[in-house]
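These are the residues of each chain, in order.
Number of protein chains: 6
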Amino acid sequence: MKKIVTLGEVMLRLSPPGNQRFFQTHSFDVEFGGSEANVGAALAYWGNHVAHLTAFPDQEIGWAASGQLRKNGIDTKFIHHGQGRIGIYFLEQGAMQRSSQVIYDRANSVFANYDGKDLPWDEVFDGVNWFHWSGITPALSKECAGLTLKALKEARKREITVSGDLNYRSNLWQYGKAPHEVMPGLMELTNVIIAGTRDFKQCLDEDFKSFTEVRNMAFERYSDLEYIVKTDRISHSSSNNTISATLFGKKKTYSSRAYELTHIVDRVGTGDAFAGGLIHGLLTMKPKEAIEFAMAAGAIKHSVPGDILLCSLQEVHELASGEAVGKIKR
Amino acid sequence: MKKIVTLGEVMLRLSPPGNQRFFQTHSFDVEFGGSEANVGAALAYWGNHVAHLTAFPDQEIGWAASGQLRKNGIDTKFIHHGQGRIGIYFLEQGAMQRSSQVIYDRANSVFANYDGKDLPWDEVFDGVNWFHWSGITPALSKECAGLTLKALKEARKREITVSGDLNYRSNLWQYGKAPHEVMPGLMELTNVIIAGTRDFKQCLDEDFKSFTEVRNMAFERYSDLEYIVKTDRISHSSSNNTISATLFGKKKTYSSRAYELTHIVDRVGTGDAFAGGLIHGLLTMKPKEAIEFAMAAGAIKHSVPGDILLCSLQEVHELASGEAVGKIKR
Amino acid sequence: MKKIVTLGEVMLRLSPPGNQRFFQTHSFDVEFGGSEANVGAALAYWGNHVAHLTAFPDQEIGWAASGQLRKNGIDTKFIHHGQGRIGIYFLEQGAMQRSSQVIYDRANSVFANYDGKDLPWDEVFDGVNWFHWSGITPALSKECAGLTLKALKEARKREITVSGDLNYRSNLWQYGKAPHEVMPGLMELTNVIIAGTRDFKQCLDEDFKSFTEVRNMAFERYSDLEYIVKTDRISHSSSNNTISATLFGKKKTYSSRAYELTHIVDRVGTGDAFAGGLIHGLLTMKPKEAIEFAMAAGAIKHSVPGDILLCSLQEVHELASGEAVGKIKR
Amino acid sequence: MKKIVTLGEVMLRLSPPGNQRFFQTHSFDVEFGGSEANVGAALAYWGNHVAHLTAFPDQEIGWAASGQLRKNGIDTKFIHHGQGRIGIYFLEQGAMQRSSQVIYDRANSVFANYDGKDLPWDEVFDGVNWFHWSGITPALSKECAGLTLKALKEARKREITVSGDLNYRSNLWQYGKAPHEVMPGLMELTNVIIAGTRDFKQCLDEDFKSFTEVRNMAFERYSDLEYIVKTDRISHSSSNNTISATLFGKKKTYSSRAYELTHIVDRVGTGDAFAGGLIHGLLTMKPKEAIEFAMAAGAIKHSVPGDILLCSLQEVHELASGEAVGKIKR
Amino acid sequence: MKKIVTLGEVMLRLSPPGNQRFFQTHSFDVEFGGSEANVGAALAYWGNHVAHLTAFPDQEIGWAASGQLRKNGIDTKFIHHGQGRIGIYFLEQGAMQRSSQVIYDRANSVFANYDGKDLPWDEVFDGVNWFHWSGITPALSKECAGLTLKALKEARKREITVSGDLNYRSNLWQYGKAPHEVMPGLMELTNVIIAGTRDFKQCLDEDFKSFTEVRNMAFERYSDLEYIVKTDRISHSSSNNTISATLFGKKKTYSSRAYELTHIVDRVGTGDAFAGGLIHGLLTMKPKEAIEFAMAAGAIKHSVPGDILLCSLQEVHELASGEAVGKIKR
Amino acid sequence: MKKIVTLGEVMLRLSPPGNQRFFQTHSFDVEFGGSEANVGAALAYWGNHVAHLTAFPDQEIGWAASGQLRKNGIDTKFIHHGQGRIGIYFLEQGAMQRSSQVIYDRANSVFANYDGKDLPWDEVFDGVNWFHWSGITPALSKECAGLTLKALKEARKREITVSGDLNYRSNLWQYGKAPHEVMPGLMELTNVIIAGTRDFKQCLDEDFKSFTEVRNMAFERYSDLEYIVKTDRISHSSSNNTISATLFGKKKTYSSRAYELTHIVDRVGTGDAFAGGLIHGLLTMKPKEAIEFAMAAGAIKHSVPGDILLCSLQEVHELASGEAVGKIKR
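First to last, the protein sequences are chains W, U, E, C, Z and P.
Once you know that position 111 of the first sequence is 111 in the UniProt record's numbering, the rest is easy, because the numbers rise by one and skip nothing.
Once you know that position 323 of the second sequence is 323 in the UniProt record's numbering, the rest is easy, because the numbers rise by one and skip nothing.
Once you know that position 43 of the third sequence is 43 in the UniProt record's numbering, the rest is easy, because the numbers rise by one and skip nothing.
Once you know that position 43 of the fourth sequence is 43 in the UniProt record's numbering, the rest is easy, because the numbers rise by one and skip nothing.
Once you know that position 47 of the fifth sequence is 47 in the UniProt record's numbering, the rest is easy, because the numbers rise by one and skip nothing.
Once you know that position 317 of the sixth sequence is 317 in the UniProt record's numbering, the rest is easy, because the numbers rise by one and skip nothing.
It cannot be assumed that every hint is accurate.
For chains that are exact copies, the list does not tell them apart, and a pair is met inside one copy or across any two.
The calculated DSBU-like cross-link candidates involving lysine-lysine, where the alpha carbons are at most 30 Å apart (straight line), are [unchecked claim]: (1) 153 to 327; (2) 230 to 77; (3) 329 to 142; (4) 329 to 77; (5) 288 to 150; (6) 251 to 77; (7) 230 to 201; (8) 77 to 2; (9) 327 to 251; (10) 209 to 252; (11) 252 to 201; (12) 288 to 327; (13) 250 to 329; (14) 157 to 252; (15) 209 to 329; (16) 201 to 327.
The set of hints was computed from the structure by calculation and includes no laboratory data.
Please read all numbers here as calculations on a predicted model, not as lab measurements.
Throw the hints in and build the complete structure from the sequences for me.
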C-alpha cells in the first residue's frame with residue numbers, strides 16, 4: 001500500500017440515460033468526477049491510501065460529493081467546504097458517428113475560488129509517496145494556479161515523486177494568464193509528465209515538429225524529469241477506438257499492447273484510469289510492466305459507466321497479461 | 001381566447017426522484033420552471049395565447065428549455081438565445097415534518113445578464129390583453145430591473161392590464177440595489193398586485209401593522225391599482241396544508257373557499273397556478289368567480305408533479321364549483 | 001380449494017408512473033387487467049382453481065397478457081388467441097382533489113368480436129363450483145352479450161352458482177342494444193348480484209326510490225336470487241375514502257365494518273377484490289364472515305398497485321378480524 | 001429559413017426499454033412519431049418554419065401529441081382535434097440477429113377518419129416553399145387519400161415544390177382501393193420522388209427490370225418530376241447496416257458516401273431524417289451537397305433514440321464533410 | 001465532535017420500488033443497513049467520528065457495503081472482509097392497512113461467523129466516548145455473542161459509556177442459547193438501556209406487571225445503569241403513527257413531545273435514528289433536551305427513504321424546538 | 001406439441017442495470033433463472049407442454065418464482081413450496097474486455113435440501129416424451145443427487161428419452177462427493193449428452209486427449225447413448241463471440257452454421273436456449289435440421305435480456321434457414 005495525494009476540482013456530472021440527447025432527456029444520471037480525483041479513485045480501489053485536495057459547497061450536494069469520494073475509498077479529511085456553488089458538467093454520451101458532448105458550467109465554483117491557504121502541508125504530505133496534478137487546475141483561476149504551485153513545492157521539498165497530466169483545455173485559461181506564463185514553472189517540478197505533442201506546444205507556446213523533438217527538449221530542459229508518457233488513440237467512431245501508450249524514459253522507451261475497444265460504454269475518465277494505472281505501475285513494477293498495466297487500466301475503463309475505473313487489481317492484471325477475456329466468471 | 005405576455009427567468013429544475021434527499025440520490029428528474037412562465041403555461045393550457053419573454057443559452061439545454069415552453073403551449077418567438085449558462089435550481093421534495101428544500105444556482109445566467117434591448121415591443125404587445133411580471137426579475141440584476149421597468153412602461157402605454165406578484169426573496173437583491181429603490185416604481189405601473197403583508201414591508205421598506213393598513217395605503221398611493229390579492233396558507237406539514245385566498249378591490253372584498261390539501265404531491269408552482277387562475281378569472285369572470293377559480297387552480301396544482309399546472313378548465317371549474325372529487329372519471 | 005370460472009375482457013393497462021398526468025409522462029407502466037379476471041386472480045392467489053374465459057390477439061402482446069394471467073395463477077387453457085387488437089385502457093392516477101382518469105380504447109378488440117363458439121362447455125365447467133360475470137361484457141357487442149348468455153345457461157344447467165357484478169358503464173352499450181333489452185335475461189340466471197341502486201335502475205330502465213325498494217323487487221322477481229351485495233363508498237378525495245358493504249339475503253342482512261382508507265395507492269380493481277372476497281367467503285364461510293372477508297379484501301386492495309389484489313388469505317383474515325395493522329412483520 | 005408544410009398521421013409509439021421483448025416488458029417508453037412529421041421535425045430543428053397537418057383526439061393524450069410536435073419546433077396551429085382514438089404503434093428494438101418488430105394498432109384513428117375539409121389552404125400555404133407527403137397517408141382511408149390529393153393540388157397551384165416518399169406498406173390499403181388506383185394521380189403532382197424499385201412496382205402495379213427502367217419511365221411520364229431519390233441499405237444485422245443514397249436528376253446522377261453503421265441505437269425514422277435532409281439540401285445547396293447532407297442526416301439518426309433526428313446543422317455538416325468523428329466535444 | 005464506536009451486522013437491503021409487493025416487482029432498490037450502523041451513520045452525519053465494527057464478504061458486494069458506510073461518514077478501517085455471504089433482508093413497504101414485511105435471509109453470513117479475534121482493541125477504543133450495541137448481535141451466533149461481551153468489557157475497562165438497544169427478535173436466537181443465558185451479562189455492562197417492557201421480559205425471562213416495575217428492578221439490579229429509554233408508538237396504519245419517548249433516570253423522568261406521523265415514507269431505521277439522537281443528545285445536552293432531540297431525530301427519519309437518517313443537526317433541532325415545519329426552504 | 005419434464009434449481013437472479021458494476025449499482029433487475037428451467041421455458045414458448053420439478057420457499061418471493069415460471073408457460077403443479085431460502089445469483093454484465101461476473105449465494109436453499117420424496121412419479125411422467133437434467137443438480141447436495149438419480153430411473157423405466165447437460169461447475173460439489181462418484185451412474189441413464197471434453201474429464205475423473213477419444217469412449221461405454229452434442233465458442237470479448245455446434249451420432253456427425261455474435265445483449269442462458277432448441281429439434285426434425293435449429297436458438301438468445309429465450313418458432317426457423325436478418329418487421 002502506497003500513499004498518494006491528488007489535487008483538483010470534482011464536478012457534479014449530469015448525463016442523460018443511455019444514448020439520449022440533452023434535448024430529449026427527462027432525467028440526468030448523477031455522478032461526481034474530476035480528472036485528478038478519478039486518478040485517485042483508481043488508486044484507492046487497488047488498496048492504496050489516497051487523499052484528495054479540493055473544495056466543495058457546504059451544503060447537501062457538496063456533502064454528497066465528499067461522500068462519493070469516500071465511498072470510492074478516498075480520504076476526504078483535507079477537503080474544504082465553503083460558501084458557493086459546485087462546478088457542473090453535462091455529458092451526453094455519443095454513439096456511432098455522433099460524438100459525445102460536454103457542456104461545462106464550472107465557472108465561479110467553490111474550488112475555482114479556493115487558494116488552499118488552510119491546508120496543513122506537513123500533515124497532508126506525511127509519509128506520502130506520490131503527488132499528482134493536472135493542467136486543468138492552474139487553468140481555472142489565479143487562486144488555483146497558486147495552489148498548484150504551492151502544492152508542487154511542498155511535495156518536492158519532501159522528495160515526493162510528482163506526476164502531472166498537462167491536459168490542455170482551450171476553453172479554460174479565462175482568468176488573464178496564458179498557459180506558457182504558468183505551466184513551465186509547474187513542469188519543472190514534475191517527475192512524470194503525461195502529455196502529447198499538442199499539450200507541450202500549448203503549454204510552452206513553442207512549436208515542435210515531432211514528439212521526438214518534444215522528448216529531447218523535455219529531458220534536456222527539466223532536470224528532474226524521469227518519464228514522459230503518451231497515449232495514442234484512433235477514433236473510428238464514438239463506439240469504437242484503438243488505443244495504445246508509450247513510456248519514454250531518459251534512455252529507454254516502453255510501448256504497450258494496442259487495444260481494440262469495439263463497444264465503448266463510457267469514454268470519460270479513461271485517461272485518468274490510465275494515469276492511475278501508471279502511478280500504481282511506476283510505484284510497484286518495472287517500467288515495461290507499468291506501461292502495460294496502465295494501458296490495461298485505461299482500456300478496461302471504457303467498459304465501466306461513470307468517471308471512475310472500478311476494476312480490481314486482478315482484473316487489470318489479467319487484461320494486461322493478455323489472458324482470455326469475455327468469458328463469464330463464476 | 002385572450003392574449004397574455006409574461007416575463008421572467010426559466011430555470012433548469014433538478015430534483016431527486018420521490019422523497020429522496022440530495023445526499024442519497026443517483027438521478028435528477030429534469031423540468032424547466034420559473035414563476036412567470038409557470039403562470040403563462042397555466043394560461044396557455046386553458047387556450048389563451050401566451051408569449052413569454054426570457055433568455056436561454058444557445059446550446060442544446062437552452063433549446064430544450066424553449067422546446068418545453070412550446071410543449072406547454074407558450075409562444076417562444078421572442079425568446080433570446082445567447083452565450084452563457086442556464087440558471088439552475090435543485091429541489092428536494094419534503095415529506096411530513098421535513099421541509100422541501102431549494103438550492104439556487106442561478107447567478108450569472110444568460111437571463112440575469114439580459115437587458116431585452118432587442119425586443120420589438122410593438123410586436124410583443126400587439127393585441128395583448130394582459131402582462132404579468134414578478135418581483136423575482138428586478139431582484140436578479142440591474143439589467144433585469146431595467147427590462148422589467150421598460151416592459152411595464154411599454155405595456156401601460158398600450159393600456160394593457162398589468163399584474164405583478166411581489167414575491168420577495170431575501171436571497172436575491174445581490175446587485176447593489178435594495179427592493180425599495182426599485183419596486184415602488186414598478187408597483188405604480190401595476191393594476192393587480194399579488195402579495196402579503198411581508199412582501200409589502202420588504203418591497204417598500206415600511207412597516208405595516210396589518211393587512212388592512214397595507215390595503216389602505218396601497219389603494220391610496222397607487223391610483224391605477226384595481227386589486228390586491230392575498231393567499232393564506234397554514235402549513236400543518238410538508239404533506240398537508242390548508243389554503244384560501246382573498247381578492248381585495250377598492251370597495252369590495254371577495255374570499256374563496258378554503259381547501260384541505262392532505263396529500264401534497266408538489267408544492268412548487270402552486271402560487272403561480274393561482275396567479276394564472278386569477279388572470280384567467282379576471283379576464284373572463286366576475287370577481288367572486290375569479291377568486292374561486294384562482295384558488296381552485298392553486299389548490300389542484302398541489303396534486304401535479306413539476307412546476308406547471310396541467311389541469312383543464314373543466315377540472316378547475318369542477319373543483320371551484322364544489323363538485324364531488326376523487327371518483328374515477330371514465 | 002374451490003373451482004371457479006370467470007368470463008370477461010382483459011385489457012392492456014397503461015399508466016404514467018406515480019402521480020404524473022398523461023400530458024407530461026414519458027413512459028407507461030404496463031399491466032393487464034379486467035374486472036372479471038381481477039376477481040379470478042384474487043381467488044387464485046388464495047389457492048382456488050380459476051379458469052378465465054377471454055380472447056387475445058395472437059401475437060407477442062396477446063401472449064404476454066395470457067402469461068400475466070398465468071403468473072397470477074389463472075388457468076389459461078380456454079383462452080382464444082385470434083387476429084386483431086387488444087383492448088387498451090389508459091389510467092392516470094389521481095391525487096388529492098384531482099380525480100383519477102381512465103381513457104378507454106377498447107373498441108374492435110379481439111374479445112369484443114369473440115363469440116366463444118369454440119368453447120368446450122363440458123370441459124370448461126367440469127367440477128366447477130362458481131361462475132362469475134359482469135355487466136361490462138354484454139355491454140361490449142352482440143357477440144359478447146350472446147357469449148354471456150350462453151355461459152350463464154351452461155353454468156346454471158350444471159347447477160353452478162352464478163355471481164354477476166352489474167357494473168353499469170354509460171360509455172359502453174354502443175352496439176344497438178339498450179341494457180334493459182339484455183340485462184334482465186342475464187340477471188334471471190344469477191344467484192348473487194353485486195350492484196347499487198343506480199345499476200339496477202340503468203339495467204332495468206326502471207325507477208326505484210330506495211335500495212329497499214330495489215331489494216324487494218329483486219327477491220320477488222328473480223326466484224334464484226340468493227344475495228344482493230352493495231358497497232358504500234364516500235370519496236373524501238382521490239387519496240382518502242371511507243368504505244363499507246352490506247350483504248342482503250332474502251331474510252337477513254349482514255353489514256361489514258367500515259374502513260378509513262386514508263392513503264390510497266391504487267383505487268382500480270378494489271371492487272373486483274371485493275367480489276373475489278365475496279365469492280371466496282360465500283364458498284367457505286358463513287354470511288357474516290363472508291361480507292367481512294370481502295370488505296377486508298376490497299379495503300386492502302387500495303394499498304396494492306395494479307389491478308390485482310395480491311394479498312394472502314392470512315393478510316385479509318387479519319384485517320377482517322380487526323387485528324392491529326401497520327406494524328412491520330418480520 | 002425556409003417554410004415547409006408536411007401532412008400525415010402521428011402515432012403514439014410505445015416501446016419496451018432497451019432490448020426487452022414485448023413479452024417481458026413492464027413499461028413502455030412513450031414517443032410520438034409519424035413519417036412525415038419526423039421529416040418536419042428534422043427541418044424545424046435546423047431552423048426552418050414547419051407546419052404539420054394532422055388530426056388528434058381531443059383529450060389529454062392528443063394534446064400531449066400536439067405538445068410534443070411543438071417541442072420539436074413544429075407549428076401546430078392547423079392540427080385538428082376531434083373525437084376518437086390515436087393511432088398506436090408498438091416497437092420492439094431488435095439486436096444482433098433478432099429483427100426489430102412493429103405491431104400497428106392504427107385503424108379507426110381520428111386521422112384515418114379526417115378529411116381536412118376545415119383546412120384554410122390559403123393560410124396553410126402562405127409563403128410556403130415546400131410540401132411533403134408520403135404514400136402512407138393515401139393508404140389509410142378514402143378520406144386520407146382525398147385529403148392528400150387536395151393538398152397536392154393546392155400546393156401545386158401555388159407553385160410550391162412537392163416531395164413524396166412512396167413508402168409502400170403492404171399491411172395498409174385496406175379500404176377498398178389498390179395503390180395503382182390512387183398513387184399515380186399523386187405522383188403526377190410530385191416534383192421529388194423518394195422510392196426504390198419495389199415502391200414503384202407496387203404503386204403503379206407495373207413490372208420493372210431495373211431501377212434504370214424505373215427512372216426512364218418516371219422522367220418520361222411525369223413532366224414535373226425533377227428528382228428521384230433512392231437509398232441503398234445492406235442489413236448485416238439489426239445492429240449493423242451499411243447505407244448510401246443516390247439522387248437522380250433528369251440528366252445527372254449524384255451519389256453519396258456510404259456509411260458503416262456499426263452500433264445502431266434506433267433504426268426507426270432514419271428514412272425520414274434522410275428525407276428531411278434532402279429537402280433542406282435541395283432548398284439550400286447544390287445537388288451533390290444535398291445528397292451528401294441528406295445521407296449524413298439519415299446516417300447519424302441511427303444514433304438517436306426515438307423517431308426524430310435531433311442533430312444540429314453543424315453536426316450533420318461535419319459528418320457529411322467527412323470530419324473525424326467520435327471524439328468528445330468539450 | 002465526539003468519538004463513538006458501534007458494533008453489528010450490516011445487511012444488503014432489497015426492496016421493491018414504491019408500494020409494490022414482492023410478488024409483482026421487477027427490480028429491487030439496493031441499500032445497506034443494520035441497526036447499529038444506522039445509529040452510527042446518524043451520528044456521523046452530525047459530525048461525530050464514528051467507527052463501526054462488522055464483517056463483510058471480500059468481493060465486490062462486500063466492498064460496496066463498506067463503501068456505502070464510508071459515504072455515510074463512518075470509519076471503516078476496523079471492518080473485516082472474509083470469505084462467505086452477506087446477510088440479506090428483503091423489505092416490502094406497507095401502505096394503509098397493509099403492513100410492511102421483512103423477509104430475512106441472514107443465516108451463515110460472514111458476520112454471523114465472525115468472532116472479532118483480530119480486533120486491536122486499544123486502537124479501536126482510543127479516545128472513544130461512547131460504545132453502542134444491540135440485542136441483535138448476541139442473538140446471531142455464539143461467535144457474535146462472544147464478540148459483544150468482549151467489546152463491552154473492553155469498553156467498560158476504558159470507562160467508555162455504553163448504550164444497548166435490547167431489541168428482542170423472536171426469529172433469531174437459533175444457535176442454542178436463550179436470551180436470558182446471554183443478555184443479563186451484557187446488560188450489566190451497559191449504562192444506557194433502550195427497551196420496552198417486552199424486551200426486558202424476553203431478555204431476562206422474567207415477568208413484569210408494568211414498566212415501573214421494570215424500571216425499579218433495573219436501577220436496583222444494574223449498578224452502572226444511568227438511563228432507561230423507552231419509545232411509545234401507536235400504529236394507526238402503515239402510513240400513520242403517533243410516537244413519543246421517555247428517558248428514565250435514576251431519579252428523574254423526562255418525556256418528549258408526541259409526533260403525529262401522518263404520511264410515513266420509510267418506517268425502517270426510525271428506532272436507530274432515535275438511538276443516534278439519544279447518544280448525541282446525552283453526549284452534548286441536558287437530559288430533557290436530549291430526549292427531545294432524540295425523538296425529533298426518530299420522527300423525522302420516517303420521511304427519509306432507506307435505513308439511514310440523513311438529516312442535519314439544524315433540521316433535527318428545528319423540529320425538536322417546535323418550529324413551524326413544511327414550508328419550502330429556499 | 002410434445003410433453004417434456006425438466007428438473008433443477010431456479011434461483012433469484014439479481015443484476016445491476018445496463019453495464020453497471022456491483023460496486024456502483026443502486027438497484028437490481030429481478031429475474032428468476034436456472035439452467036434446466038430455462039431449457040423448459042424455451043420449449044414451452046414453442047408450444048410444448050413442459051412441467052418443471054423444483055422447490056421454492058413458501059413465501060411471497062417463492063410464489064413469485066413459481067408465478068414467473070407459469071408466465072413462461074411452465075406447468076408448476078409439481079413444484080414444492082417449503083421452509084427456507086431461495087438460492088440467489090448476482091450477475092454483473094460484462095462489456096468489451098471486461099468479463100461478466102457471477103456471485104453465487106445458493107447454499108442451503110430449499111431446493112438444495114429437497115429430496116423429492118413427495119413427487120408422484122406416475123403423474124409426473126404421464127405421457128411425457130422427454131426428460132432433461134443437468135450436472136448442476138447432483139452437484140448441490142446428497143439430496144439433490146439422489147433426486148436426480150431417482151428421476152432418471154423413473155424416466156427410463158417409462159422409456160422416456162433423457163438428455164443431460166453435464167455442465168461441470170468447479171465451485172459446487174461441496175457436500176463430500178466427487179463428480180466421478182456420482183455422474184457416471186447418471187450418464188448411463190442418459191440418451192443425449194451435452195458436454196465438451198473438459199466436462200467429460202471432470203465428471204469421469206479421466207483424461208482424454210481429444211474429443212474424438214471422448215466420443216469413442218462414450219458410445220462404447222454407454223449403450224443407451226444416442227447423441228453427444230458440443231458447442232464451440234470463441235470469446236473475442238464480452239460483447240463479441242463466434243459460436244457453432246456439432247451433433248455426434250453413433251455413426252454420423254452434423255455441424256451447424258457458425259454465428260458471429262457481434263453485439264451481445266445477455267450471454268447467460270444461451271447454452272440453455274441451445275439445449276431447448278436441441279430437444280425440440282430432436283423431437284420434431286431430422287438431425288441436421290435439429291442441430292441448425294438448436295444453434296439458431298442459442299445464437300438468437302444472445303440478443304434477449306434475462307435467462308430465457310423468448311423467441312418464437314418462426315424467428316428461430318428464419319435464422320436457422322439463413323434468411324436475411326435485421327430488417328424491421330412490420
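Cross-check of the supplied hints:
Taking identical chains as interchangeable, the C-alpha atoms of residue 153 and residue 327 are never at most 30 Å apart, the minima being 48 Å within one chain and 35 Å between chains. Proximity of residue 230 to residue 77 under the C-alpha cut-off of 30 Å is found in neither arrangement, the shortest distances being 33 Å within a copy and 37 Å between copies. Taking CA atoms no more than 30 Å apart as the test, residue 329 paired with residue 142 passes between copies only; the shortest distance there is 26 Å, against 50 Å inside one copy. Taking identical chains as interchangeable, the C-alpha atoms of residue 329 and residue 77 lie at most 30 Å apart only when they sit on different chains, with a minimum of 29 Å there against 37 Å within one chain.
Taking the shortest Cα distances, residue 288 and residue 150 never come within 30 Å of each other, neither inside one copy (32 Å) nor across copies (50 Å). Taking the closest pair of Cα atoms, residue 251 and residue 77 never come within 30 Å of each other, the shortest separation being 40 Å inside a single copy and 42 Å across copies. Taking the shortest alpha-carbon separations for residue 230 and residue 201, only the intra-copy value of 14 Å comes in at or below 30 Å, while the best inter-copy value is 47 Å. For the identical chains of this complex, residue 77 and residue 2 are neighbours both inside a copy (18 Å) and across copies (16 Å), given an alpha-carbon limit of 30 Å.
Taking the shortest alpha-carbon separations for residue 327 and residue 251, neither the intra-copy value of 40 Å nor the inter-copy value of 33 Å comes in at or below 30 Å. For a Cα distance limit of 30 Å, the shortest separation of residue 209 from residue 252 inside one copy, 21 Å, qualifies, whereas the shortest one across copies, 45 Å, does not. Taking CA atoms no more than 30 Å apart as the test, residue 252 paired with residue 201 passes inside one copy only; the shortest distance there is 23 Å, against 48 Å between copies. Within a single copy, residue 288 and residue 327 get their C-alpha atoms as close as 27 Å, and across copies as close as 28 Å, so both meet the 30 Å cut-off.
In this assembly of identical chains, residue 250 and residue 329 lie within 30 Å of each other by CA distance neither inside one copy nor across copies; the values are 41 Å within and 34 Å between. Within a single copy, residue 157 and residue 252 get their C-alpha atoms as close as 27 Å, which meets the 30 Å cut-off; across copies the closest is 61 Å, which misses it. With identical chains, the CA atoms of residue 209 and residue 329 are at most 30 Å apart between copies only, with a shortest distance of 26 Å across copies and 47 Å within one. Taking the shortest alpha-carbon separations for residue 201 and residue 327, only the inter-copy value of 20 Å comes in at or below 30 Å, while the best intra-copy value is 44 Å.
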